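Participant: The residues making up each chain are set out below.
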Amino acid sequence: MRNFVLAGLFAGAMALPAAADYTIIAPANPGGGWDQTARTMQTVMQEEGISRSAQVQNVPGAGGTIGLAQFASQNRGNPDALIVGGYVMVGAILTNNSPVSLADVTPIARLTGEYEAIVVPAASPIESIDGLIEQLKADPGSVSWAGGSAGGTDHIAVGLIAKAAGVDPTTINYIAYSGGGEALAAILGNQVTAGISSLGEFEAQIQAGTLRLLATSAPEPIEGVDATTLKEAGLDVVLENWRMVAAAPDLTDEQKAKISADIEAMVTSENWQKQLADKGWADTYLAGAEFDAQLESDIAATEAVLRDIGLVK
Amino acid sequence: MDAYTFLLQGLATASEPAMLLYALIGVTLGTAVGVLPGIGPALTVALLLPVTYRLDPAGSLIMFAGIYYGGMYGGSTTSILLNTPGESASIITALEGNKMARKGRGGPALATAAIGSFIAGLIATLLLAFLAPSIVKIALVFGPREYFALMVLAFVTVSAAFGDSALRGLTSLFLGLALACIGIDQLTGQARLSFGVPDLLDGIEVTTMAVAMFAVGEALFIAGQRVRQDDEVTAVKGSVWMSLQDWRRSWKPWLRGTAIGFPIGAMPAGGAEIGTFLSYAAEKKLTKHPEEFGNGAIEGVAGPEAANNASAAGTLVPLLTLGLPTSATAAIMLAGFQQFGLQPGPLLFATNPTLVWGLIASLLIANAMLLVLNLPLIGLWVKLLTIPRHWLYAGILLFATLGTIGANPSSFELGMLLAFGVLGYVMRLFGYPIAPIVVGLILGPMAEQQLRRALSISQGDWTTLLQSPIAAVLLGLAALAFIVPLILRARGKGEVLSQMAADED
Numbered sequence: 001m002r003n004f005v006l007a008g009l010f011a012g013a014m015a016l017p018a019a020a021d022y023t024i025i026a027p028a029n030p031g032g033g034w035d036q037t038a039r040t041m042q043t044v045m046q047e048e049g050i051s052r053s054a055q056v057q058n059v060p061g062a063g064g065t066i067g068l069a070q071f072a073s074q075n076r077g078n079p080d081a082l083i084v085g086g087y088v089m090v091g092a093i094l095t096n097n098s099p100v101s102l103a104d105v106t107p108i109a110r111l112t113g114e115y116e117a118i119v120v121p122a123a124s125p126i127e128s129i130d131g132l133i134e135q136l137k138a139d140p141g142s143v144s145w146a147g148g149s150a151g152g153t154d155h156i157a158v159g160l161i162a163k164a165a166g167v168d169p170t171t172i173n174y175i176a177y178s179g180g181g182e183a184l185a186a187i188l189g190n191q192v193t194a195g196i197s198s199l200g201e202f203e204a205q206i207q208a209g210t211l212r213l214l215a216t217s218a219p220e221p222i223e224g225v226d227a228t229t230l231k232e233a234g235l236d237v238v239l240e241n242w243r244m245v246a247a248a249p250d251l252t253d254e255q256k257a258k259i260s261a262d263i264e265a266m267v268t269s270e271n272w273q274k275q276l277a278d279k280g281w282a283d284t285y286l287a288g289a290e291f292d293a294q295l296e297s298d299i300a301a302t303e304a305v306l307r308d309i310g311l312v313k
Numbered sequence: 001m002d003a004y005t006f007l008l009q010g011l012a013t014a015s016e017p018a019m020l021l022y023a024l025i026g027v028t029l030g031t032a033v034g035v036l037p038g039i040g041p042a043l044t045v046a047l048l049l050p051v052t053y054r055l056d057p058a059g060s061l062i063m064f065a066g067i068y069y070g071g072m073y074g075g076s077t078t079s080i081l082l083n084t085p086g087e088s089a090s091i092i093t094a095l096e097g098n099k100m101a102r103k104g105r106g107g108p109a110l111a112t113a114a115i116g117s118f119i120a121g122l123i124a125t126l127l128l129a130f131l132a133p134s135i136v137k138i139a140l141v142f143g144p145r146e147y148f149a150l151m152v153l154a155f156v157t158v159s160a161a162f163g164d165s166a167l168r169g170l171t172s173l174f175l176g177l178a179l180a181c182i183g184i185d186q187l188t189g190q191a192r193l194s195f196g197v198p199d200l201l202d203g204i205e206v207t208t209m210a211v212a213m214f215a216v217g218e219a220l221f222i223a224g225q226r227v228r229q230d231d232e233v234t235a236v237k238g239s240v241w242m243s244l245q246d247w248r249r250s251w252k253p254w255l256r257g258t259a260i261g262f263p264i265g266a267m268p269a270g271g272a273e274i275g276t277f278l279s280y281a282a283e284k285k286l287t288k289h290p291e292e293f294g295n296g297a298i299e300g301v302a303g304p305e306a307a308n309n310a311s312a313a314g315t316l317v318p319l320l321t322l323g324l325p326t327s328a329t330a331a332i333m334l335a336g337f338q339q340f341g342l343q344p345g346p347l348l349f350a351t352n353p354t355l356v357w358g359l360i361a362s363l364l365i366a367n368a369m370l371l372v373l374n375l376p377l378i379g380l381w382v383k384l385l386t387i388p389r390h391w392l393y394a395g396i397l398l399f400a401t402l403g404t405i406g407a408n409p410s411s412f413e414l415g416m417l418l419a420f421g422v423l424g425y426v427m428r429l430f431g432y433p434i435a436p437i438v439v440g441l442i443l444g445p446m447a448e449q450q451l452r453r454a455l456s457i458s459q460g461d462w463t464t465l466l467q468s469p470i471a472a473v474l475l476g477l478a479a480l481a482f483i484v485p486l487i488l489r490a491r492g493k494g495e496v497l498s499q500m501a502a503d504e505d
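Protein sequence lines correspond, in order, to chains A and B. Counting from 1, position 222 in the first sequence corresponds to residue 222 in the UniProt record's numbering; the numbering is continuous, with no gaps. Counting from 1, position 47 in the second sequence corresponds to residue 47 in the UniProt record's numbering; the numbering is continuous, with no gaps.
Note that these hints are calculated values from the structure, not bench results. Be careful, since some hints might not be right.
Pairwise CB distance ranges (calculated) [said to hold, decoys possible]: (1) THR354(B) with VAL225(A): 25 to 35 Å; (2) PRO79(A) with ILE470(B): 49 to 59 Å; (3) SER411(B) with ASP292(A): 31 to 41 Å; (4) LYS313(A) with ILE470(B): 32 to 42 Å; (5) THR5(B) with GLU296(A): 53 to 63 Å; (6) ALA123(A) with PHE130(B): 24 to 34 Å; (7) LEU193(B) with LYS313(A): 17 to 27 Å; (8) LEU193(B) with ALA289(A): 34 to 44 Å; (9) GLY77(A) with ASP461(B): 50 to 60 Å; (10) SER178(A) with LEU418(B): 49 to 59 Å; (11) GLY77(A) with GLY431(B): 46 to 56 Å.
Please read these numbers as outputs of a predicted model, since none were measured by experiment. Every residue, glycine too, gets a C-beta built ideally from N, C-alpha and C.
Just chain A, same shape as in the assembly (with noise of 0.2 Å):
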C-alpha cells in the first residue's frame, strides 16, 4: 500500500515538475507551533526565492515521532525533503521508545526558541518563586502544576527545578494538558497551584495583570521582561524550548551543504525576521558542528531526567 501511495507521488511529481521543490514535514496537526514554523518556512522560501514551491504537510501523532518515523523511512537520500522537530521530540522519542530518533536524520539547524516561564495566578498568595519552591519542599504533591503534555518540555522543566531544588522528582505533582492552551485556563481559572509553559503563551496575561511571572528558565535575565532566571533563586536550570530543521537520511555532503546554504539564505532575509517578530518567536539560529554537539549534550540531559522523573524506565 505504501508503495503504491509512493508511486501515485510520484506521479504527481512527474507530472508537475515546477512543484517538486522542498516538502516540509510537520509532524503535527495544524495549527501547532511545528506547523506554524512549517508555514512559516514554506511562505519565506518561497517568497525569498529559495524555493519555486514548498509544501506542507502534516503527518501528526505522538509528540512527532509518528512524522520522524515514516520521514526517515520513506525518504532516504531524498534531497528535497525537510521536517520541522523540536525539544519535545527529543523527550517524545525517549518516553515512547521510538525506534527512530533524531541520530536516523540528518539536523541542520536550530532556528528558534522560548524559555520557559513559571507563574501563578494573580490571586494567589505565592509571590515569588522562592516562596513557590519552600511549599513544594515543604509538601511536593500540594504543589499542582499544570502545563503541557507529559513528558514534553514544560514537564521536564519541572523535575529539573524539583531536582535542583533537592525535592524528589518522581513526587512532583504535574498535571498534563494538552496544550499550553488549556494549561492556561486552568491556571487563570485558579485550579492549580502554578504553572509552567513557553512565555509566549502567558506574555499577554502577565501584561494584563491575570498572571504573576515568577521566574524565566532563560541564562540571563530576558531584556523586557521583569523577572527574576531560575538560576538567579539559585536553582540551576537552563532549558529553552527549540524548534529546529532536518534533513533526510543519508545525504551526500554536496546535498547537505546545499540544503544548509538554502536554510541560512532564509533564516537570514529581511522577510524571515519580520515574521518571527510578528510571531514573537526568538532567532537562535545555531548550525553546523555548533548544533550537533548542543543537540547531543541536550538528548543526555533530557533523558537523564526523564528517568528521573520515572517516565523512561
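Add chain B to chain A, keeping to what the hints say.
Facilitator: Relative to chain A, chain B alone:
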C-alpha cells in the same frame, strides 16, 4: 467610540462591493474544501490562510472569516447526503440528516442545516461581540471536576437517547470507551494498548472511526443485502424547500441548539461535539414526533447543526479575550491574527478595537454570505442522490478512502478504516446502534482525563467532586436523568403487572 460605533464602522467597511466579493470567494473556497471528508475546518483554514496574506487587513480578515464559516458548514453537507461526516462536530447530523436524505427530504435537511447555522452563527456572533468578557469569566470557573460532571451528564443523557434497546446502546458505548483507552495516556505519557504499533500511539482518530462506521459500514451493508431495493431511495420527494411544518418544527431546535452550543464552545475544554450530543438528546426528549427519531426527524438535524455553529463562534470567546486557542481551528486563526501583529489576549479589545470589530463584522457578513451561497446550491446538491445506488456507494467509498489518506497519509490508518468499516457492518447486521461507539471514543478520554486531573489536584480526595457547587448540581442532574426514567419504568411495569393479574381473575 463605543462598541456600536466600531461595529457599524466595521459593517460599513465590510459591505463595500470589493469586500463582499472577498467574502464570497472565502465562503466558496471554504465550503468547497470543507466538503472533502477528512479535511476539517482546521486544515481548510491552514491550507487557505496563505491566500489571504496578499490582501489588505480588512480584505484578508473578511476572506478569512468566510473560509472559517464555510469550512464549518461544508462538513454537514457530506454528513447529510453521503453519511460521511467530514469532522467530529457533524457526526450527529448524519444520524437524522442522512435518513431524511434517503427519504427524498435531503433538500429540507440541507436547508434546515444552512438556516440553522445562519441563525446560530448570527446570535452567537452578537453574543460574542457584546458579552465575551463576562462569558469568559464564567467559563474559567470550569475546572477539571466541573468538566467531569459535565461529561457524566453528557454520558447519561446521550446514552439514553440512542436506539430502542438500552442494552445494545450501552454495549456500543462501552466498545467505544474501550477503544478510547488506546494510545498514549495524556497524564503520564505512557502508551496503553498500542501493542508496539507506532500508529496507535495517538489513539484512534475520531474522524477515521466515524467515516468507517457511517460510510464504509453502510456501503458494505448495502452491498451485502441480497434483495436489491433500488426503488426505495427516492432522490427528491415533494419540495426541495422546507415546508411550513418544517419551519414550525425547526425554529425551536435552532434556538435551543444555539443556547447549548455557544456556552460549551466558549469553555476552554468544551469542544463542539458535546454541544451537538446534548442538543440531539434534548431534541429527542422534547419532540412531539419521537417515532421519527432514528428515521429522519428534522429536529435532529436542526438542533445539532445550530449547536455546532454556535460553538464555532463560542470558540472565539476565549481566543479573543484570553488569547486562548481552544481548538485546532482557533490555533490557526491565532496565526492568522499574528500576520497583522495582532496578539489576542485580555488587552485586545482595548488596544486594537478597529481590527477586532472589523473581524466581528466580517463574521456577520460571511455568515450571511454562506446562506446566500448555499440555499441556491441545495437543488444542485440533492441531484447527487439521483446517482444510481451502486455508483453512489462506490463513490462514497472512494471519497472516504481519499479523505482518510489525505488527513493522515499512512497505510495503517487505511487498514483501520476498513477494519472499523467491517465492524460497522457487523453491528448494523445485528441491530446495534453505531453512534454510541463514536460518542464513547470522543467523551471517554475527556471524562477520564478530567477526573484524574481533579483527583490529582485534590491529592486523591474524592469528595472534591462534590465540593464545587457547579459540579454538584451537574452530577445531581445526571443522577436525576438516570434514576427518574428507572422509577417511571418500574412503576409503569408495576401497573401493567397488577393489571395483568386483575385480568386473570
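Participant: With reference to the structure, classify each hint as holding or not holding.
Facilitator: Each hint, compared with the structure:
A hinted range of 25 to 35 Å for the beta carbons of THR354(B) and VAL225(A) is consistent with their spacing of about 28 Å. Remark: the range hint 49 to 59 Å for PRO79(A) to ILE470(B) is upheld by a beta-carbon distance near 57 Å. The given range of 31 to 41 Å is respected by SER411(B) and ASP292(A), whose C-beta atoms sit roughly 33 Å from each other. Hint check: LYS313(A) to ILE470(B), Cβ distance near 40 Å, so the stated range 32 to 42 Å holds.
For THR5(B) paired with GLU296(A), a C-beta distance near 59 Å keeps the hint of 53 to 63 Å intact. A C-beta distance of roughly 27 Å is found between ALA123(A) and PHE130(B), which places it inside the suggested range of 24 to 34 Å. Our hint of 17 to 27 Å for LEU193(B) and LYS313(A) holds, since their Cβ atoms are close to 18 Å apart. Take LEU193(B) and ALA289(A): their Cβ atoms lie about 43 Å apart, and the range 34 to 44 Å holds.
One distance hint, 50 to 60 Å for the beta-carbon pair GLY77(A) and ASP461(B), holds here, with the actual separation near 57 Å. SER178(A) and LEU418(B) have their C-beta atoms about 29 Å apart, which leaves the hinted 49 to 59 Å range violated. The hinted range of 46 to 56 Å is satisfied by GLY77(A) and GLY431(B), whose Cβ atoms lie roughly 54 Å apart.
Violated hints amount to a single one, hint 10; each of the other numbered hints is respected by the structure.
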